[in-house]
Amino acid sequence: MDEIAHTMRQDLQGAGKYLAFGLGKEEFAVPVGRIREIIPWQEITPVPQAASYVLGVINLRGKVVPVMDLRLRLGMAFHEKSDRACIVVMQPDPKQSRSPIGVVVDGVSEVLQIQPAEMEETATLGGGWMHLGYVNQIAKSKGKVILLLEIDSVLAGPMEDADAVGTMELAGAGVE
Amino acid sequence: MQREAQLLRLLDAVIGDVFSGAGSPDGEGRRALRQQAIQAAESAREMSMTGTEEAARQLAALLEPEAVGEDWQPQLEAQVEQLQALAEQEIEMRMTAGAPPPPAGPGMPWADFVFESREHLSQIEQELLRLENSPDDSEAVHALFRSFHTIKGLAAIAGTETAREVAHHTENLLDEVRSGKRAVSSSLIDLALASADFLGEVVAAADQIDQGEAVEIPEDAGALLDSLHAAMQGPGEAASPSMPARSARTGGQPAARANSGGGGRSAVKVDTAKLDQLVDLVGELVIAQSLVQLDPALLALNDPKTAKNLNQLGRITTELQKTAMSLRVVPVGQTFRRMARVFRDLVKESNKQATLELAGEDAELDRTIVEQLADPLMHMVRNAVDHGLEKPADREKAGKPAEGKIRLAASHQSGHVVIEVSDDGRGLDQDRILRKAMERGLVKEQAQLSPSEILDLIFEPGFSTSEQVTAISGRGVGMDVVKREIEKLRGRVEVRSEPGKGTTFLLRVPLTLAIIDALVVKHRANRFILPLFTVREILKPRGQSIHTVEGRHEVALLRDRVVPVLRMETFLGENETGTARKTEDSVLVVVESGSKRVALAVDEVVGKQEVVIKSLGEWMGRVRGVAGGAILGDGSVGIILDLDGVTGREGYGVAA
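These protein sequences, in sequence, are chains A and B.
Here the first sequence stands for residues 11 to 186, where the numbers follow the working numbering.
Here the second sequence stands for residues 774 to 1429, where the numbers follow the working numbering.
Since the hints were made in silico from the structure, they are not lab data.
For each residue, glycine too, the CB sits at the ideal point set by N, CA and C.
One should not assume that every hint holds.
Claimed, not checked - What follows is a list of derived Cβ distance ranges for each label pair: (1) B:Leu1215 / A:Asp103: 40 to 50 Å; (2) A:Pro50 / B:Gly1346: 24 to 34 Å; (3) B:Leu1222 / A:Arg46: 54 to 64 Å; (4) B:Lys1355 / A:Pro50: 37 to 47 Å; (5) A:Pro50 / B:Gln984: 33 to 43 Å; (6) A:Lys150 / B:Ser1388: 53 to 63 Å; (7) B:Gln1050 / A:Pro50: 34 to 44 Å.
Please work from the sequences and hints to get the whole structure.
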């Protein structure tokens, strides 16, 4: 009995389950527990003077939800959205007490089961994303390499990432 | 614990009803009352409270349709009082004999205690103030007695012994007043207020515990209990002969009485997040409904039945929206009554004589607004007592009654609530205000100001008319803070004053922070929202009315007034080259915020609309020039512009 409940709880939290999506040539994944829903690409109302990676806001069943472009967030080049592009509505904190945030990706691919054994620390790999704390682990699944996105760092708001921007500049150009 | 509380609550309702005359043989309440009595008897039986059960059954018997004697009212009253006393006693016995009350802590049913006690406490303050004004008001004494009595029961159930004791002794004192053994004196009222304050602290702590915070229930009421004991032992202060027997007045104001007994009314505590979600969803429903109603395919059907059903859907949706919005609304009276309490203390401290007149307490406002009005109002009442009213001797010299009058009134005015705080004191001294403003460098020495401009100087930061700092008004907080607080609520403050006759402040605040009348404008592909109350005029400029200053700043000449022009693209920080229209082809929306005016050049004015304001979420943080978002009629989001951001820009805006 207890065991079943435990498994169910794990299922609900989506332990080990990841949603994989494409971004440029890379494949990323985030834990399904942090995903509220996936909605098709739609018109986004731009917010003047917001951070550059903030595309604007949408109406999600009566709530105004901010939407960011993950490409821009990760410092990739802007790309016109294709038909496959969609908005992944994510939860900025595991407790679900804060309002959700839409994250635009090039297209979602599948839900994967990734075991801890298949994950690898990326500290040895180096590179911009790792510096910024956006990706700390990679996973090998079905012969593909999948970057595990650190949701907390990526979803840190324009409010909170003044520090992160500083780091990015440091990491990027070596400017003081 | 729940069952005891329920029974006490039920009895409380029954008593309220009986004293309001609901037991009248020709009244409709009699049957319901009998049902309640039977219910009380049943629940007493379940708890093996035999005395209570018996008394409740007797009450039910008195309420039989055929059992109407001449003196039914005193009989009923005697019976319910006996019933309550018995229930009280037996519950207390159960508490001591049975399991001790569970230790205080999360999971305790504090919520009930907090909710119910709060209502009674607010009632107590109100009734005490009433009693002070008219010590013969036996109705107030009875209401007070019952409220303390109920709190005593609630405290016993919740297991806070000190609170129970305080309520118990206060109740005893009031009981003596009730039976004519003791007169109402100001020391008695002070004592009762002190008890209410202590109980208020207990309730506040219980509320925090209920919210999961680790605080202690205050148990230290030694001094208060000593005073209560001393008062009980002290002389009865010669009972006032004029305290009429209670049954002499039935009828009276049955409505008010029923209210105070808590009978018939019930309420639930709801998480405000859920309310907000409900309002969000209803908003969506309205949009979906209008999309369906205007759907060309459905209209093409031209079917009367469909049309009728759609109309019905529309009506229900509108009604639902109204109801949903009204959930966030509370009467302003609650805050007014808090002021009454502050007022009383202030008058005592300042050695002045004054009465407070309240009006329009029923005016309803958004809960947040009511809460945020409390501090500014308190400050203004303070000012009125402290600076506005003269000393009694000075008033008499001026040929006015020694007792000053302060009025606090609320009224609805076209989508707003206007709150008036006025006094009949000395009025504002224009010369002094002007002198002070000049000393502080707020105006130039040679400035020519109209009387109302002079009065408005009191709202300037750093201005305070009191030459001495007093304990009451204190230092540092001035009318500028009041103005700022009110403007935060999208309201305005106005002052009028006549020397020797008094001063009136008018606070104009919106009914709700959630909805605004908006002007929707279009800029390039996007629609933006301007709060309508900031829009002064909309015009299509003619070529000659636009001028360029220093080769770059555009200004519009509007009826001999120069107003700076701000193009949307400049405001939005977009690049200005390329598609930008000439200002002459735009529409100018003249907006005012604070005391600045600016003409915003937009592509097109879409129209006027009521919108629900939504936050863009804490994630976005504060974006300059953006006040929030709103869902437009077609379901898309429009950005609400923050006009302070517009007019506050360097180099823009002229004094209005």
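Looking back at the numbered hints, which does the structure fail to meet, lowest number first? As far as the earlier hints go, 6, 7 are violated by this structure, in ascending order.
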